[in-house]
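Participant: Residues per chain, in single letters:
Protein chains: 2
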Amino acid sequence: MAALDAVLGKIDANRDAALGRLFDLLKIRSVSTDPAFRDECARAASWLADELKGLGFDASVRPTEGHPMVVGHLKSKRAGAPRVLFYGHYDVQPADPLDLWVTDPFAPRLDGVEGKQRIVARGASDDKGQLMTFVEACRAFVETGGVPCDIIVLFEGEEECGSSSLPAFLAANRDELKADLCLVCDTNMWDANTPMITAMLRGLALEEVVVRAASRDLHSGIFGGAAINPVRVLARIISDIQDDSGRVTIPGFYEGVSELPPEIAEQWKKLPFDGAKFLASVGLSVPAGETGRSVLEMIWARPTCDVNGVTGGYQGAGSKTVLPARASAKFSFRLVGQQDPEKILEAFRAFVRARLPGDCEVEFIRHGASPALQLPSSSPALTAARAALAAEWGQDCVVGGSGGSIPIVGEFKHDLGMDTMMIGFALEDDRIHSPNEKYELSSFRKGARSWARVLEALAWQENQGTLSSAERRNVTP
Amino acid sequence: MAALDAVLGKIDANRDAALGRLFDLLKIRSVSTDPAFRDECARAASWLADELKGLGFDASVRPTEGHPMVVGHLKSKRAGAPRVLFYGHYDVQPADPLDLWVTDPFAPRLDGVEGKQRIVARGASDDKGQLMTFVEACRAFVETGGVPCDIIVLFEGEEECGSSSLPAFLAANRDELKADLCLVCDTNMWDANTPMITAMLRGLALEEVVVRAASRDLHSGIFGGAAINPVRVLARIISDIQDDSGRVTIPGFYEGVSELPPEIAEQWKKLPFDGAKFLASVGLSVPAGETGRSVLEMIWARPTCDVNGVTGGYQGAGSKTVLPARASAKFSFRLVGQQDPEKILEAFRAFVRARLPGDCEVEFIRHGASPALQLPSSSPALTAARAALAAEWGQDCVVGGSGGSIPIVGEFKHDLGMDTMMIGFALEDDRIHSPNEKYELSSFRKGARSWARVLEALAWQENQGTLSSAERRNVTP
Numbered sequence: 177m178a179a180l181d182a183v184l185g186k187i188d189a190n191r192d193a194a195l196g197r198l199f200d201l202l203k204i205r206s207v208s209t210d211p212a213f214r215d216e217c218a219r220a221a222s223w224l225a226d227e228l229k230g231l232g233f234d235a236s237v238r239p240t241e242g243h244p245m246v247v248g249h250l251k252s253k254r255a256g257a258p259r260v261l262f263y264g265h266y267d268v269q270p271a272d273p274l275d276l277w278v279t280d281p282f283a284p285r286l287d288g289v290e291g292k293q294r295i296v297a298r299g300a301s302d303d304k305g306q307l308m309t310f311v312e313a314c315r316a317f318v319e320t321g322g323v324p325c326d327i328i329v330l331f332e333g334e335e336e337c338g339s340s341s342l343p344a345f346l347a348a349n350r351d352e353l354k355a356d357l358c359l360v361c362d363t364n365m366w367d368a369n370t371p372m373i374t375a376m377l378r379g380l381a382l383e384e385v386v387v388r389a390a391s392r393d394l395h396s397g398i399f400g401g402a403a404i405n406p407v408r409v410l411a412r413i414i415s416d417i418q419d420d421s422g423r424v425t426i427p428g429f430y431e432g433v434s435e436l437p438p439e440i441a442e443q444w445k446k447l448p449f450d451g452a453k454f455l456a457s458v459g460l461s462v463p464a465g466e467t468g469r470s471v472l473e474m475i476w477a478r479p480t481c482d483v484n485g486v487t488g489g490y491q492g493a494g495s496k497t498v499l500p501a502r503a504s505a506k507f508s509f510r511l512v513g514q515q516d517p518e519k520i521l522e523a524f525r526a527f528v529r530a531r532l533p534g535d536c537e538v539e540f541i542r543h544g545a546s547p548a549l550q551l552p553s554s555s556p557a558l559t560a561a562r563a564a565l566a567a568e569w570g571q572d573c574v575v576g577g578s579g580g581s582i583p584i585v586g587e588f589k590h591d592l593g594m595d596t597m598m599i600g601f602a603l604e605d606d607r608i609h610s611p612n613e614k615y616e617l618s619s620f621r622k623g624a625r626s627w628a629r630v631l632e633a634l635a636w637q638e639n640q641g642t643l644s645s646a647e648r649r650n651v652t653p
Numbered sequence: 177m178a179a180l181d182a183v184l185g186k187i188d189a190n191r192d193a194a195l196g197r198l199f200d201l202l203k204i205r206s207v208s209t210d211p212a213f214r215d216e217c218a219r220a221a222s223w224l225a226d227e228l229k230g231l232g233f234d235a236s237v238r239p240t241e242g243h244p245m246v247v248g249h250l251k252s253k254r255a256g257a258p259r260v261l262f263y264g265h266y267d268v269q270p271a272d273p274l275d276l277w278v279t280d281p282f283a284p285r286l287d288g289v290e291g292k293q294r295i296v297a298r299g300a301s302d303d304k305g306q307l308m309t310f311v312e313a314c315r316a317f318v319e320t321g322g323v324p325c326d327i328i329v330l331f332e333g334e335e336e337c338g339s340s341s342l343p344a345f346l347a348a349n350r351d352e353l354k355a356d357l358c359l360v361c362d363t364n365m366w367d368a369n370t371p372m373i374t375a376m377l378r379g380l381a382l383e384e385v386v387v388r389a390a391s392r393d394l395h396s397g398i399f400g401g402a403a404i405n406p407v408r409v410l411a412r413i414i415s416d417i418q419d420d421s422g423r424v425t426i427p428g429f430y431e432g433v434s435e436l437p438p439e440i441a442e443q444w445k446k447l448p449f450d451g452a453k454f455l456a457s458v459g460l461s462v463p464a465g466e467t468g469r470s471v472l473e474m475i476w477a478r479p480t481c482d483v484n485g486v487t488g489g490y491q492g493a494g495s496k497t498v499l500p501a502r503a504s505a506k507f508s509f510r511l512v513g514q515q516d517p518e519k520i521l522e523a524f525r526a527f528v529r530a531r532l533p534g535d536c537e538v539e540f541i542r543h544g545a546s547p548a549l550q551l552p553s554s555s556p557a558l559t560a561a562r563a564a565l566a567a568e569w570g571q572d573c574v575v576g577g578s579g580g581s582i583p584i585v586g587e588f589k590h591d592l593g594m595d596t597m598m599i600g601f602a603l604e605d606d607r608i609h610s611p612n613e614k615y616e617l618s619s620f621r622k623g624a625r626s627w628a629r630v631l632e633a634l635a636w637q638e639n640q641g642t643l644s645s646a647e648r649r650n651v652t653p
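Chains as they are written, first to last, in our numbering: chain A, 177 to 653; chain B, 177 to 653.
Hints are not guaranteed to be accurate.
Unchecked claim - Partial list, derived from the structure: chain A residues whose beta carbon lies under 10 Å from chain B:
(1) Leu380
(2) Glu383
(3) Ser391
(4) Gly397
(5) Ala530
(6) Pro533
(7) Gly580
What the hints assert, rightly or not - The calculated label-pair distances, taken between Cβ atoms and stated as ranges, are:
(8) Phe540(B) <-> Pro273(A): 38 to 46 Å
(9) Thr240(A) <-> Ala530(B): 54 to 62 Å
(10) Arg542(B) <-> Pro211(A): 50 to 58 Å
(11) Tyr430(B) <-> Cys337(A): 54 to 62 Å
(12) Asp272(B) <-> Thr240(A): 55 to 63 Å
(13) Gln491(A) <-> Gly468(B): 31 to 39 Å
(14) Ser457(A) <-> Arg542(B): 31 to 39 Å
(15) Ser457(A) <-> Tyr430(B): 42 to 50 Å
(16) Ala493(B) <-> Gly428(A): 23 to 31 Å
Note that these hints are calculated values from the structure, not bench results. Where is the CB? At the ideal position from N, CA and C, for every residue including glycine.
Construct the complete structure from the given sequences, taking the supplied hints into account.
Facilitator: Structural data, given as C-alpha cells:
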C-alpha cells in the first residue's frame, strides 16, 4: 500500500490548491433551468474539460440539444485494469431567493471555525464539490504514477432540469461509455463521520385508475340505494390492497422481493437510526408498513402500494346530494429487489378488474414504471469499496438504500447494462436546492482520499480475479 | 252522496270558467328568483287573495322579508269538521331559455287534440295549475252549500328560490296555521290514469369527514411504507360501511326501519314499474342496494349511505409521488321510517373513530340532518283519500314514496306538528323547470273533482270519529 500512501499524501499536499480549483468552478453560474445562464453552463463544461485535459484525460465538451456533456477518458498503465464510469453534474439549481443567502451564492467562501469548516456556495454540495473529490483523487494518482483503473468521466449539465438530453446521448455513445461499473457521487454519508454506499434504489410504477358507472352524475334522492357509486367501488379496491398487517395483497406482488442479507440486516439494526424521530419529524408516531419490519426496512427495502391522489364527485364547500358517475385514484408502487414492474402492473389491473361490480368500467392510465436497482450484496466491488471507505473514515461503512428513485442509475442499468455504486460525502443538512448551500470541508478533503482508496481497492479486487472486466464488458445490455 | 254529486256537477259546469281563471294566473310573470319580477309576484299574491275572498275566505296578502304569503280561512258549517291546511306556491321558475319555447311562456294556451289537451305555460304544472285544482274544488263546495272541512289555505311565493321566509312565517303564525292535516299538491300521479298519494319521504343526514395524518404532504419515496396514508384510512371506512349484501354496517343503523305493510308491498310489486328501464335510463343494469329488495323499495323505502364526493392528494394531470396529509369525503344518508338522524350521525362518527389508526385525526363537518316523513299506513285520512281518488280515476290509488326530501313537509312536521298528505296530478313528463312546461287538461279537471272527493271523504271519516280533530289540534308540536 506504499503506492496508495503516496496518493493520499499527494491529496493532502494539494488541498489548498484543490479548494481553489473548486472555488473557481463554484464561481460559474451554471444554472441549467434558466436560459439566461446558458453561456455559464457552457463555460462550466469547458472549465471541466480543460481540467481533465490538464490531467491527461482525452476530454472534450460534447454538444447536445440542451447543455453540453463533458466526457473524458484516462487509461491505466496497469494491465487488465477494471474500467469505471464516473458520473457527476456541473449544473446547479437556481439560487433564489437571493435575499436569504448570507453572501453571494456564486462567491464561494469558507464558513465556520478551524476543524469544522464548510464551503458555502450554490452547488458546493450538489454536485460540484462532490464531483471534484473524484477529479482531485485522479489528479493525485496522475501525479504519483497513474490511475489504477481505466477511467471514463461523464459530467452532465441538465441534472437539475430533467436530464432530457441524457438518454439519447447514452444511446449514441453506448460503446464509448460502457464500463464494468458506474460510480455516482450524488448521495449522502450516513452522518458526518460514517460513510455510506447507497446500494439499493426502490423502483417505481405509477398507474391511474378511473372507475365509471352511470352515464351521468345522479341525484342521490332519486337514485340513491339503487345506483352503484364508483367512489364505493374504488374505496373497496384501495381498502383491499393491504391487509391488516400492512402487506400488499395483489397476487404475486412479493415475487422477487428478498429478505435482507443477514449481515446487512444486522448492520441496519445497529445503526443509530431513530424511526420514531424520523416519523415524529412529520407528526407521526406509528409505522404504517408491514408488521414486524423496522422503519428503515419499510422505506429502503420493502415495496409499497400507495394512493397519491383520489377524486370523485362534489369537491366544493358544503354538500351536494350527488351520486358521482366516476371516481379515480392515482396509485404508486415502490418496488424492490427483482420485482418486475410490468408484472406488478398487470397483476394490479387484474386485481382491480376482479373487484369491479356490474355496470362499472375501468380505465387504466399509465404514468411510467421502472424496476428497483440493487448492487448485489455479494458484489466484489461493493465489498472492496466498503473496506476502502471504512479505512478512510475509521467507521464501518453503511450499505444503505434510498426509498426514492434516481433516474440516471436506471438509465445506466437499462441502456448500458451497468450496475452503479453510489458513493457521496454530502450530509442531510447541506441545504441543497436551498439558500446557503454548504459542503463540509472534511467531506471535500476526505472525499478525495476516499475515492483514491476506492479506486485502488477496485483495481486490487480486479487483480484478484473477482471482477472480470473483460467478460462483463462484453455483456450486451 | 247526493251532495258530492252536486259538487262534482258544479265543477264540470264551471270548467271553462275555471280554465279562464287559471290562464289569468298563468299570465302573471311571478318568477321569484329574479328581483325584476318582484311586482309580478306581489300581483299573483293579490290575485289569489282576491279569488279566495270572492269565495268567502277570510283571505289576505301577508308581507314577509321576501315575497308575500297568501293566507285564507274558510269555516265549514258542519259541526266538528276537521281542519286541513292546504299548501301551494304561486311563484314559478325563470322561463329561459326563451328561444326553446314554442310560444310565450306567459301566454297560456291549450295544445293537442280534443280529449288529449294540455295547458302550456310556465307554472302550468308547477304549481299554479295544481293549486287551482284545490281552489276550484272549494268554489264548487261554496256554490253548493259550503266546504265540508275547515280550510286554511297557504300560498307561498318563494318555493322556487329557497323558501327563506317560510320558517319564520310558520313560527310566527303557528296557532293560526295549525290543522289536523296538511295537504300539499306539488307531486305527481303514478301515470296519466293512476292517482298517487306520496306518503313517504326519505330523510337526509349529511356529514363530511376529514382524516388528517402527517403534518404535511410527504414524498412517497422517502416516507412511503412507513407513513400512514389518510386516503387508505378513508377508503377502508367507506368500504366497511356496506357489506357484500349492500346493507349498511353501522351499528344501530336499521333501528326504526320497518318492513313495508304487506298491502303496500303487494301494491308495489304489481305496479308497472320497470326497475331495469329506470336504471337503463342512466346506463346501469344492476341494482346496487340490498340484496332481495326491489328497485322501488331501494329508492323509496330503504335507507342508504352514499359518498357524494371524495378528495385527497394530487388532483392534477399525470402523477405526483406524494403521500397526502389529508383526505376527506362527503357522506349522505337517506333515512326512512323512524330512523333518528342524530343517533345515526352519532353512530356513524363512532364507526369512523373505531377505524382510525394511530396518528390519524378526524374532523366531522355537519351539513344538516332531517328525519324521514311518513304518513302512517294506518292513517284514516290516508285510507279515506285513497278511496276518494280511486273513485274519481277508476284505478286503485298508489301509495308511493319519494327518495328525495321536500323541505316544506319537514317544516310542517317539525314546526307545526302536522302530518302531510301529498296529492298532485302532475306527470313525470310535464317539463317543470324546462321550456314548454305543460299540465294535462285532464289533470286540471279531474284534479279539481279529486279534491272535492278527498275533502268530502276526510269530513265523512271525521264524522265516523276516526279523525279526532279536537284532540289532535291540542297536541303541542
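Participant: Each hint: holds or not?
Facilitator: Quick rundown of the hints versus the structure:
1. Leu380: At about 7 Å, which falls below the 10 Å cut-off, the nearest Cβ of chain B leaves the hint on Leu380(A) intact, so it holds.
2. Glu383: holds, 9 Å
3. Ser391: Hint on Ser391(A): holds, closest Cβ of chain B at ~3 Å, below 10 Å.
4. Gly397: Result: holds, 3 Å to nearest chain B Cβ.
5. Ala530: It is violated, given that the least Cβ distance between Ala530(A) and chain B is near 14 Å, above 10 Å.
6. Pro533: Hint on Pro533(A): holds, closest Cβ of chain B at ~7 Å, below 10 Å.
7. Gly580: With Cβ-Cβ at 3 Å, under 10 Å, it holds.
8. Phe540(B) <-> Pro273(A): 38 to 46 Å: holds, 40 Å
9. Thr240(A) <-> Ala530(B): 54 to 62 Å: holds, 58 Å
10. Arg542(B) <-> Pro211(A): 50 to 58 Å: Since the Cβ atoms of Arg542(B) and Pro211(A) sit about 53 Å apart, the hinted range of 50 to 58 Å holds.
11. Tyr430(B) <-> Cys337(A): 54 to 62 Å: holds, 60 Å
12. Asp272(B) <-> Thr240(A): 55 to 63 Å: holds, 60 Å
13. Gln491(A) <-> Gly468(B): 31 to 39 Å: Check passed, 35 Å falls within 31 to 39 Å.
14. Ser457(A) <-> Arg542(B): 31 to 39 Å: Cβ of Ser457(A) to Cβ of Arg542(B): about 34 Å, so the range 31 to 39 Å holds.
15. Ser457(A) <-> Tyr430(B): 42 to 50 Å: holds, 45 Å
16. Ala493(B) <-> Gly428(A): 23 to 31 Å: holds, 30 Å
In this structure, only the earlier hint numbered 5 is contradicted, and the remaining ones agree with it.
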